[in-house]
Structures are given as C-alpha cells and as structure tokens.
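Engineer: Next come the chains, spelled out residue by residue.
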Amino acid sequence: MALSLQRVARSLGVLLVVVGLTFAIFYVAPIDPALRMCGKPCSPEDLEAARGFMGFDKPWWVQLGTFLGAIVTGRTFGSADVVVECAAPCLGYSFQLHQPVTALLADRFPVSLSIALGAVALQAVFGIAAGALAARRQGGILDRVVTGVSVIAASAPAFVVGLLAVVVFALRLDLLPSGGYEPFTEGPLEWARHLVLPWATLAFLNGAIYARLVRSSMIEQLGLDYVRTARASGLSERRIDRYALRNLALPLTTLIALDIGALLGGTVITERIFGQPGLGALLLDATSTADLPVIVGTTLVGSLLIVLANLSADLARPLLDRRLARGGRSRRPSTATTLPDQNPQETTS
Amino acid sequence: MSTADELLALRDLQVSIAGRSIVTGLDLTVHAGRITALVGESGSGKSMTALSTIGLQPRSAEVRGSARLGAAELVGCSAAEMRRIRSGQIGMIFQEPGQSLSPVMKVSTGFRHVLAVREGIRSRAQAETRMRELLSSVGLPDPDRSAASYPHELSGGELQRVVIALALSGDPALLIADEPTTALDVTVQRGILDLLVRIVAERQIGVLLITHDMGVVGEIADEVVVLKDGDVVETGPVREVLSAPEAPYTQALLAAVPRLAESLERADGVRGGAARGRRAARADDAGRAGGADAGRADAPAAQTAAAVDEAPVVRVEGLSVEYHRRGGSHRALDDVGMEIRRGEIHGLVGESGSGKSTWGKALAGLVPAQARTLEIEGVDPRTLGASQRRAAYARVGLVFQDPASSLNPRRTVGWSIGEPLQLAGGISRTDIARRVKRALEIVHLPASYVSRLPHELSGGQRQRVSIARALILEPALLIADEPTSALDVTIQAHVIDVLRDAIAETRFACVFISHDLAVVGSLADHVTVLRAGRAVEQGTAREVLGDPQHEYTRALLASVPDPERRLREDGGEAA
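Protein chains in written order, with the numbering used here: chain A, 1 to 349; chain B, 1001 to 1575.
Some clues are possibly wrong.
One side only, chain B facing chain A, incomplete, derived with CB under 10 angstroms [what the hints assert, rightly or not]:
1) L1051
2) S1087
3) G1088
4) F1094
5) V1104
6) S1108
7) R1118
8) I1121
9) R1122
10) A1125
11) H1152
12) S1169
13) G1170
Computed footprint of chain B on chain A, listed as stretches where at least three residues anywhere in the stretch have a Cβ under 8 angstroms from a Cβ of chain B [said to hold, decoys possible]:
14) 216-226
15) 231-240
16) 312-324
With the C-beta cut set under 8 angstroms, the calculated list includes, among others, these residues of chain B facing chain A [as the list claims (entries may be wrong)]:
17) P1103
18) H1113
19) T1490
Everything labelled a hint here was simulated from the structure, so no lab data went into it.
Note that the Cβ used here is the ideal one computed from N, Cα and C, for glycine as well.
This is chain A alone, in the form it adopts within the complex (with noise of 0.2 angstroms):
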C-alpha cells in the first residue's frame, strides 16, 4: 500500500514538472498571442489591454498559480464588459476558436479514444501471434518472414505507410473510406469502416515492436527448465506456449499499457492522413495557428495519459508476477523478460 502512494506521488510529481515545462511554452514561444487578438492595426494601448484581459499581464509565477488553480475553480478572462468563462477544469481558453481548451478536447477526444483501443487491440493481437509463431518457427520461412516485416514496419515512416493504405485501399480498390469519422452513436458499423485503415497502420507500424519483443523473449523462455521440466512431464507444446506466454503477461501488459497512454494523447500524422479530427489533429492545427492555450491544454492532457498509463501498468506488476508482490521473498533473481528500448512510432508531442 505505501509503495503505491509511493508511486501514486511520483507520477504527480512527474505531472507537475509536465505543467511548469509545458507552460515555459508561453515564455519561449516567439508567439504573443495577445498580439494576435489585438489585431491590426494594434496600438500599444490595445495590445496592453488584450494582455490584461488574457492575464499575461502578471509575473509568471502569478501566471501558473492562476493556471493550476483554475483546472480546480474554473476562471473568468477579462473584467469588466467582456467577460469569458472558463468552467472548471479550466485549461485556458482558446481566443482564435472562442471556446474553453477543455471543450475542445472533450470534443476531440472520443476520435482519439476510438484510434487508440482498436489499433492496440490489433497491434497486439497480431504482434503477439507473429511474435509467438516466429519464436516457434525459428529459423524457418515463417520466422524470417515476420522479422524481416516487422523490421520494415519499425523503420517505415507513418506517413508513407497511412498514404500507401489510402491509395491502395481507398482509392484503388475503393473498399474502404479514405477518411472521415462518424461517432460511434451514429451506427458503429460506419464507425469501425471509417477508423479500419487508420487502426490497420497504426496495428502495422507499432506492431513490429510486439512481434520482436514477443518473438526474442519467447525464445529465451522456451530454453529455460520450467520449460523443459513441462515437457519432460509429457505436457502438450500449445500448454508450452500459453506457460511461455503467461510469463510474458508482465512484459506485454506494460508495453499495451504505454501505447494506450501515447495514442490516446493522439496521433499527430496518422489523424492528419486519415481526416481523423482527434487530439493530434487538434494539436497540429494549433500549432500551424500558433494557439498556445491549445497547445499547452493538449500537451498537457497527453502527458497526463501517459502519466496514467505507466502509473497502471506499475501497479498491475505486483499482481501479474507474484514476485514482485510486497514481502514476497525473491530467493532467485526474476526470469521475467526486461522491455527492450521501446519507441512508439507516433505519439503527440
């Protein structure tokens, strides 16, 4: 219990540092957004009293207490004509879309969620099997097959990978939507069709990393003895590779942990590819627009999701691995596989 308020801290602490960088933005950004709102002609009376009624008026410590402070009471902008809300959880406002960051994410984010759950599912269905029938076929057709593909996925660049599907799929073969998205609410049959390819590239690119890992750390766990003690018992090869994969549950778990946290922050390239208008999209134009309440809102909530990812996947280890569990003497060091380097090929960010 106290190692998970240790680590409950510590991901708040990992927050914070998020906030206070994210929110350097605004001080290194060569953007004012306050000249933008003033407009043109914007006379220096103008651009102070827009500063004033966007708050940036203040000394920055001032700044970033309001800011944390109103993700808890909400804030007003301006003082005394114009007013604008912002309800709490208040994550600024954008004055180029006139709509609080929080609506505009909330807005964003069922996208993101969508791309997020059906690409992982798929990435680690897929990866998992080519990565467990590679390590059982090892040296085979088979296994040179998935390693050579998973080497190409792991270096192709999303965009070249996303247009490719478009062209082919869309365009050529004119099987599915090139892009687009209907909500789930309209008729999920739509839905699925118009997130097939986005999920189909996002499962292709991410998925090599499952199969590689999967594939090297089945093979370690195939030579160990509790292997070859199953087999000397007679134990059937499938019952082998479900004992192999179970000891791989610590392993995966924090891999699909991760890449959940990253996508749903949204895919900057692949949403942009696919018309998907999610978090990434949303990121991207307020970065061509230089809508810095935008970019500081969604920044924020990516990390905040990553935060979150890891955070679960820690304190799912204990019960994936009982050796890991609190008091739980270890009388032998853990077989359990380390996660090689791993680099999700699209996140926010």
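Here the structure of chain A is known, so what remains is to put chain B in place on it, guided by the hints.
Structural biologist: Showing chain B alone in chain A's frame:
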C-alpha cells in the same frame, strides 16, 4: 539380473552435435527397484544421455543406437509417440528446483495440467485429492500449503519434493534424476536422497541417477557407469567400483573427492610447526565470537608460543549486518567475530542463507556493517576518509565462485590480471607486465597465458586467473567466496593446492567461504560454522570438524555424502 526386469536398456547409444561426438557408444541398464548412477564430470555427456533418452535432446543433436524402455524402442520414434511415453512411463527430475516450475503459476495449477496429461484427471476435485496424495507421499508436511504457493514461496528442498511428486504422477516405471541434489544444501540433500531410496523401495521404480558426486553415488546407487568425454570407462555394481576401481579415471575421480578425516590429517602435515605455534598464541580466541564454545584450547600446541607479537591482519568483534528491504529488515549476520593472522586461513562454512558470503562482503566493505571492532591491518576503515578507505580496501582481494562470469570475456588474461594495477595508477607498463607474470607463476600458469582470452581456458585455469588477479595488489587479506564450487572435483583439488601454495609463499590472510566441509577442512586453520547469521561453533579446523560440539555442526557433518559409508557399514556387518 535377468533381462526380464530390465527397465531401461541403452545399447551403443551415440549422440553427436554438428558432427562432434558427445556420447560414443554407451551401454547402461536400469533395473526395476534399483538405482543406476551415471557418473562423470562436466562435459562428459551424462546429461545429454538423459535428454536423448527421453527425446529432449537439442534439435541439432543426432542420436543413434538403441534405447529400449520395456518393449518400446525410444531412439527414432516420433515426437508424438515420445511425448506419450514421457507423459506416463518416465518421470524426470532436474538440477535446479527453483527454476523447474513456471514462476508465475501456483504449484497447484501446474500440477493440474500435469495430472490431466499423465493421469487423465479432468475434474478439479479429483485432481486435488490426487495432488494431496502425491505431495504427502514425497514428505511435504503440509501439502495444501505447498500446493497453494507460488514457487518462490517454497524452499529449494520443498520445490524439489514438488518436482519429484510431479514426476511420480502417472506411476512411471522409470525415474530419471539429473543432478537432483546438486543445487541443494547438504542437510536438504540428505532428505532428498533418503526420499529417492524410499520411493525406489516402495514403488519398485527404476532410477537413472545422473551425478558428478561420488558421495551421492556411494550413498544410494546400486550400479555405476563412469563416463569420461562420452566414453564409458567403467561399469559395475557400486560396491565393486567404489572399493576396487579398475579404470585409472575412476581411481582419480575417487581420490579427488575431499574426505574430511583424511583432509584434516593431511592438512595438519601441510600446515606444519610454524602454524601450530601461531595457533597456540591465541588459543583462547576460539570462543571469542557469540555463541561459540568458549572453553576450548589447543592444548598440545599451546606450549610453543611463537609469533605472538605479530598483529592480526583482521580483527572483528560484534559484527552484524542488516539488509533493509521493503516490508522490513533482515539480520544476515548477528554478532560474530574472528581474528586472522598472516598466512592463516579462516574457513566460513554454512548452508545457503547462513550469512557466510555477507561476512566476506562486510570485510571487503561491500555491505554496510556494524561492529564493535573492525580492523584490517590494525586500522578501522570506517574511520578513514573516502580515498584512504579505498586504499585500505585495496589491501583486500576477492575471488568469486564462477570464474566464467567474473572475468571480462573480451579482455586477455594478462589485461584482467593487471587491471587492478592500472586502476591503482602510477605503475609503468613494464612493471605491470612483470608483476602479471609473477602472479601467473604463483598460480602455476605458464607466462604465455597473458595473451589468452578467458574462453580459451578451462574452468580451473580461469579460477586460477581470478586468484592471480586478486593477488596482484599483494593483498593483506584474500576473501575467497566458494572459489571451488563451480569446478569439477579433480580440478577443485588442484585449485586448492594452488591457493595453499600461494598463501605459503606470500603469507596473506585468507577467508575461505564454502559450503563444502571437507574442502574447508583440507585448507583452513580455523573454522566458523554459521547458521542463520550466528556463529554456532568456532575454533581450529581440527577441533570443529574433527570433534564437533554443537549439534548443528554434527548434523552438517553427518549429512555430507560419503562414498564409503555403505561400504564401511557392510564391512562392519560382515565382520
């Protein structure tokens, strides 16, 4: 023995991997109700024989000849057929019980899977009854607790019993045990050996026992097959092979087994008069540590008091080490002490978890320790500043158990031995080369070995390189932590000789840590027996091992497998 009760018959069994012959024409028979031991050192092909018999040899291995189990021929039968045979007619036990079960499953889960295959039991309730029956038959006092545990929650002995219970499911006629007790402490080993003997008697099972340990063979085997480099050098009933070995290799193998009584005597001869005088000088320190027998004195030696003036290299009193981990702390060492003079060897013996390695680490400053007195060459390193402390600890050399992993595989022997000098700095290259050559001389390795890589050396040679590296800084104290445990017996004897010569020549103090009482007896002047962090007995090697006072020391000594025990007992009956 008629051929009728031949359970397993290997005839001209040959195994080769990638054209290299591993086993060349092996004949071996296991009879029902008897134990056939296949003995050999590492690389002799004994494990490969076992794996090939049950069809689990590496894919690249080629097996020829014949292996008949009852009426069935095992060589060349299909994978499915082989699996069917494994799942009912053969039980298998391996060396490392801690790794023989999947770490992420409860014992009961694995047991259910095995019972489903080996006994066709599908119902959970039935499986549980049968599991309880099997687990209690192997002497597990609380089968339900064992079944509900994860492997890491059980001790090595308990796990090996679980593995034996698994192997006994399906009532196999043949049990193959590949080094079943090698990874276990002696007292635990004793229990497992007794269990195997009981199983054989009760169930009339035949056992193929694979081992490197002549002691284990002497204790439980009926027939012996001695294997050397894939060749059978001797076969016969255990009594004949052990009492009158014919092959020179068998003789050498038996001669190399450290025997406590002999080693104590021989060690006395080697240690000679000077050492005896020193021992006398502090005849009373035998009982200085907590819990040790304080009343002893080495009476005959006490008369020749000499070298009293020589200050001890190590003086430790009231040493305790606590490991803190989540969920509490664990006292690995509790109020122990020792004193070692130049040229003396202090043996630390005990079973795993007794704190003997921790003691060595505490002396080398590798773990935080509390002590009333902790002096190395008269100085307490804890009172020194960082750089002086490093210099003080540089006077302590370390040798570890596994020479393969304690040498950098990509560096030459000469580089590894000279590395401490390079780290010390300020020493010219020619000087380093000269001292490396000298260190190789001390451990009896030719000077040409400087340019070799570790993988080009045998295990024993590698361990001698480790010793040379530990000696290069001319340490005042050498800590050798199980330096011979990973080595074959014939090599082990040689490494011990090397260590003894080095001490005689350069007169450093040595802490020799080992679980093997006979090895300690052959080398050490003084011995401390540790149990659960406490020194239960301390004194000269002859006192402690020759005439143990504490019951734990006696139990340890009684558990050591002895090749001749049964021979002696038989002889006693006959007379």
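Engineer: Each hint: holds or not?
Structural biologist: The hints, checked one at a time:
1. L1051: holds, 8 angstroms
2. S1087: Where the cut-off is 10 angstroms and the nearest Cβ of chain A is about 2 angstroms from S1087(B), the hint holds.
3. G1088: holds, 7 angstroms
4. F1094: holds, 6 angstroms
5. V1104: Because about 5 angstroms separates V1104(B) from the closest Cβ in chain A, which is inside the 10 angstroms limit, the hint holds.
6. S1108: This interface hint is violated because 13 angstroms lies over the 10 angstroms limit.
7. R1118: Holds - the Cβ of R1118(B) comes within 10 angstroms of chain A, reaching about 6 angstroms at its closest.
8. I1121: Violated, because the Cβ-Cβ distance from I1121(B) to chain A comes to roughly 14 angstroms (cut-off 10 angstroms).
9. R1122: This interface hint is violated because 14 angstroms lies over the 10 angstroms limit.
10. A1125: Cβ of A1125(B) sits 21 angstroms from chain A, so the hint is violated.
11. H1152: holds, 5 angstroms
12. S1169: Holds. Min distance 8 angstroms.
13. G1170: G1170(B) check passes; min Cβ-Cβ to chain A is 8 angstroms, inside 10 angstroms.
14. 216-226: Result for this restraint: holds, n = 3.
15. 231-240: holds (count 7)
16. 312-324: holds (count 4)
17. P1103: It holds, given that the least Cβ distance between P1103(B) and chain A is near 6 angstroms, below 8 angstroms.
18. H1113: holds, 6 angstroms
19. T1490: violated, 27 angstroms
In summary, the numbered hints that this structure violates are 6, 8, 9, 10, 19.
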